[in-house]
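Build out the structure end to end from the sequences listed, making use of the hints.
From first to last, the protein sequence lines are chains A and B.
The opening residue of the first sequence carries number 1 in my numbering; numbering runs sequentially from there.
The opening residue of the second sequence carries number 1 in my numbering; numbering runs sequentially from there.
Treat the hints with caution; some may be incorrect.
Derived list of chain A stretches under chain B, where covered just means 3 residues or more per stretch with a C-beta under 8 Å from a C-beta of chain B [claimed, not checked]:
1) 67-81
2) 95-109
Computed cross-link-like contacts, DSSO-like style, restricted to lysine-lysine with a CA-CA straight-line distance of at most 27 Å [stated by the list, open to error]:
3) B:Lys13 - B:Lys57
4) A:Lys49 - B:Lys57
5) B:Lys57 - A:Lys61
It should be emphasised that the hints constitute simulated quantities derived from the structure, not laboratory data.
Computed from a predicted structure; not experimentally measured.
For glycine and all other residues, C-beta sits at the position ideal for the given N, C-alpha and C.
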Amino acid sequence: AQSVTQPDIHITVSEGASLELRCNYSYGATPYLFWYVQSPGQGLQLLLKYFSGDTLVQGIKGFEAEFKRSQSSFNLRKPSVHWSDAAEYFCAVGAQNTDKLIFGTGTRLQVFP
Amino acid sequence: KAGVTQTPRYLIKTRGQQVTLSCSPISGHRSVSWYQQTPGQGLQFLFEYFSETQRNKGNFPGRFSGRQFSNSRSEMNVSTLELGDSALYLCASSLALTSGGAETQYFGPGTRLLVL
Chain A
1 AQSVTQPDIH ITVSEGASLE LRCNYSYGAT PYLFWYVQSP GQGLQLLLKY
51 FSGDTLVQGI KGFEAEFKRS QSSFNLRKPS VHWSDAAEYF CAVGAQNTDK
101 LIFGTGTRLQ VFP
Chain B
1 KAGVTQTPRY LIKTRGQQVT LSCSPISGHR SVSWYQQTPG QGLQFLFEYF
51 SETQRNKGNF PGRFSGRQFS NSRSEMNVST LELGDSALYL CASSLALTSG
101 GAETQYFGPG TRLLVL
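This is how it looks when you write it as structure tokens:
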């Protein structure tokens, strides 16, 4: 069965610092991987996705993620965090023949000035 | 192009009542999925509709149902509401260019349901 693990429930960084949010997945075949961000009281906004090809994917707002099959990971990174990046981040895995997504439990990012 | 819209945005109901939530997908999108988000259980998949057919269903009781209309708009219904149904209900749509799935989904702002 598919599953997603986000080991960090809450992360605090200083503005301008680098960021890495961890995501590990479990899926038998090549996964479809996504990162979404959710601001308080809002829906989910897609940051980036990996379907196939280049394992380093670029997203919006300066985010990138790297797919590592050997580690079953899809970590999200940003070189310099802005205060507006404070939000909750969700990693998700999908599969062929369905739009169903399995989400991780989320990582809440807090940014200090 | 307008995004996914959900109505109503907020809803208060009492136990035992039923509720219907509406979702209008992005124009041209043919697939609609529904998710429930709660602090305890996180984001959980409810169901997915494509061309008016339920393509996939999550692990929820039969009190939760949905449908999709010919214009791709979707509704979900919860009957005999329980306190635990209080949640943010999110709708997402995708182009579904083929029936292969795993398309990029775009989420609406959600309907926040409070059951008293």
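Taking the hints in turn, this is what the structure says about them:
no.	hint	result
1	67-81	violated (count 0)
2	95-109	holds (count 12)
3	B:Lys13 - B:Lys57	holds (25 Å)
4	A:Lys49 - B:Lys57	holds (23 Å)
5	B:Lys57 - A:Lys61	violated (33 Å)
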